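Engineer: Residues per chain are reported as follows:
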Amino acid sequence: MLWYDLDKLGRWLDPWREFERMNRFSSGYMTPQTIEFPAMNVWVAADRAMVTTELPGIDPKDIDISVVNDALTLRGSRQPDGLIESESYHRRERWHGQFTKTLELPFPVEVNKIDAKYAKGVLAISLPRAEADKPRKILIKSE
Amino acid sequence: MTEPKKEMQKQEAKTPQQGERTSDRPLYAPYVDILEKENDIIVIADMPGVDENSVDITLDKNVLTIYGRVEAEIPQNFRLAKSEYGVGDYQRVFTLTDEVDRDKIHATVKNGVLKLILPKAEMAKTRKIQVKAEGEGGIIDLTK
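So the sequence lines, in the order shown, correspond to chains B and H. Just so you know, the first sequence maps onto residues 1 to 143 in the numbering used here. Just so you know, the second sequence maps onto residues 1 to 144 in the numbering used here.
No lab work stands behind these hints: they were computed from the structure. These numbers come from a predicted model, not from an experiment. Any given hint might turn out to be false.
Calculated lysine to any residue pairs in the SDA-like style (CA-CA distance at most 20 angstroms, straight line) [to be verified]: (1) H:82 to B:58; (2) H:82 to B:122; (3) H:82 to B:61; (4) H:110 to H:75; (5) H:14 to H:85; (6) B:120 to H:72; (7) H:115 to B:67; (8) H:37 to B:36; (9) H:82 to B:67; (10) H:110 to B:105; (11) B:120 to H:14; (12) B:120 to H:37; (13) H:110 to B:118; (14) B:101 to B:142; (15) B:120 to H:74; (16) B:61 to B:75.
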């Protein structure tokens, strides 16, 4: 919401700087918030929303996207690398296992026009706004 | 199967000792798995947004540096309504304890995951030294 308000003031914003600042603010001064895995960013335009999430090393077949009205559910899993004998871990930090996350979208979407792309380990889901929900311009007739 | 930890969020990289970066983009430390095989050390790093052209790996003496550049793609005419993660470059530095055959280092990037195979140098492979007992004094009898 803050974004929107600042935009209205006509101030030029560097989104990345701004959101780094907000990240710092939230991680440094407030109680650490737990974001449900996987972390998602939601981008909004007049006629569509775009949800991005970082899921490196996943087979796109293992990602399941479903949308009901304005709720987007993402399911998936990543397998741990099999370890054979004569191998040992020095470090093991990368996540593996199953995840499910449901996100509320800013508006209902056209379910059969959803488009998802997976590149460089980043999933981007494009969700067109439902036709019925789009803002309508009302013509003013002169008498 | 385990569930990924909720707090599996990106960690910011510590400021390198050589100073601050000129770019004000955030810098993250990628999560890594490091495993040792008989002849290789394997480093696997999660670096979403990175491909084979945007990753730099340097080995200076025994200091291994992984650096990945990520171009922040800001979709046109979109505004960010919800932000749970940041986008920036990746960097992580390791000091290797084993000697590595630097001519045979092999690196691949697939789906935002870097896999680095560092073959151990011949010297390091044959480091196991047999310890022999010397004469009869090899075992100290404490009962005496």
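Engineer: For residue 110 (chain H) and residue 118 (chain B), compute the direct alpha-carbon distance and say whether it is at most 20 angstroms.
Structural biologist: Within the cut-off at roughly 12 angstroms; holds.
Engineer: Mind checking the alpha carbons of residue 110 (chain H) and residue 105 (chain B) for me, to see if they're no more than 20 angstroms apart?
Structural biologist: With Cα atoms ~30 angstroms apart, residue 110 (chain H) and residue 105 (chain B) exceed 20 angstroms; violated.
Engineer: If you draw a straight line from the CA of residue 61 (chain B) to the CA of residue 75 (chain B), is it 20 angstroms or shorter?
Structural biologist: holds (11 angstroms)
Engineer: Please verify whether residue 82 (chain H) and residue 61 (chain B) have alpha carbons no more than 20 angstroms apart.
Structural biologist: Outside the cut-off at roughly 26 angstroms; violated.
Engineer: Sort out whether residue 72 (chain H) lies within 20 angstroms of residue 120 (chain B), counting only the CA atoms.
Structural biologist: Holds. Residue 120 (chain B) to residue 72 (chain H) sits at ~13 angstroms (cutoff 20 angstroms).
Engineer: Between residue 101 (chain B) and residue 142 (chain B), does the CA-CA distance stay at or below 20 angstroms?
Structural biologist: violated (51 angstroms)
Engineer: Given the proposed pairing of residue 115 (chain H) with residue 67 (chain B), does the C-alpha separation stay at or below 20 angstroms?
Structural biologist: violated (34 angstroms)
Engineer: Given the proposed pairing of residue 120 (chain B) with residue 37 (chain H), does the C-alpha separation stay at or below 20 angstroms?
Structural biologist: violated (27 angstroms)
Engineer: Would the pair residue 14 (chain H) and residue 85 (chain H) pass a check requiring their Cα atoms to be no farther apart than 20 angstroms?
Structural biologist: Roughly 18 angstroms between the alpha carbons, so the hint for residue 14 (chain H) and residue 85 (chain H) holds.
Engineer: Going straight from one Cα to the other, do residue 37 (chain H) and residue 36 (chain B) come out at no more than 20 angstroms?
Structural biologist: Violated: residue 37 (chain H) and residue 36 (chain B) sit about 34 angstroms apart, past 20 angstroms.
Engineer: Can the restraint linking residue 120 (chain B) and residue 14 (chain H) be considered satisfied, given a maximum Cα separation of 20 angstroms?
Structural biologist: With a Cα-Cα distance of about 24 angstroms, the restraint between residue 120 (chain B) and residue 14 (chain H) is violated, given a limit of 20 angstroms.
Engineer: Between residue 110 (chain H) and residue 75 (chain H), is the straight-line Cα distance small enough, at 20 angstroms or below?
Structural biologist: Violated - the C-alpha atoms of residue 75 (chain H) and residue 110 (chain H) are around 24 angstroms apart, more than 20 angstroms.
Hint compliance for this structure: hints 1, 3, 4, 7, 8, 10, 11, 12 and 14 are not met, and every other hint is.
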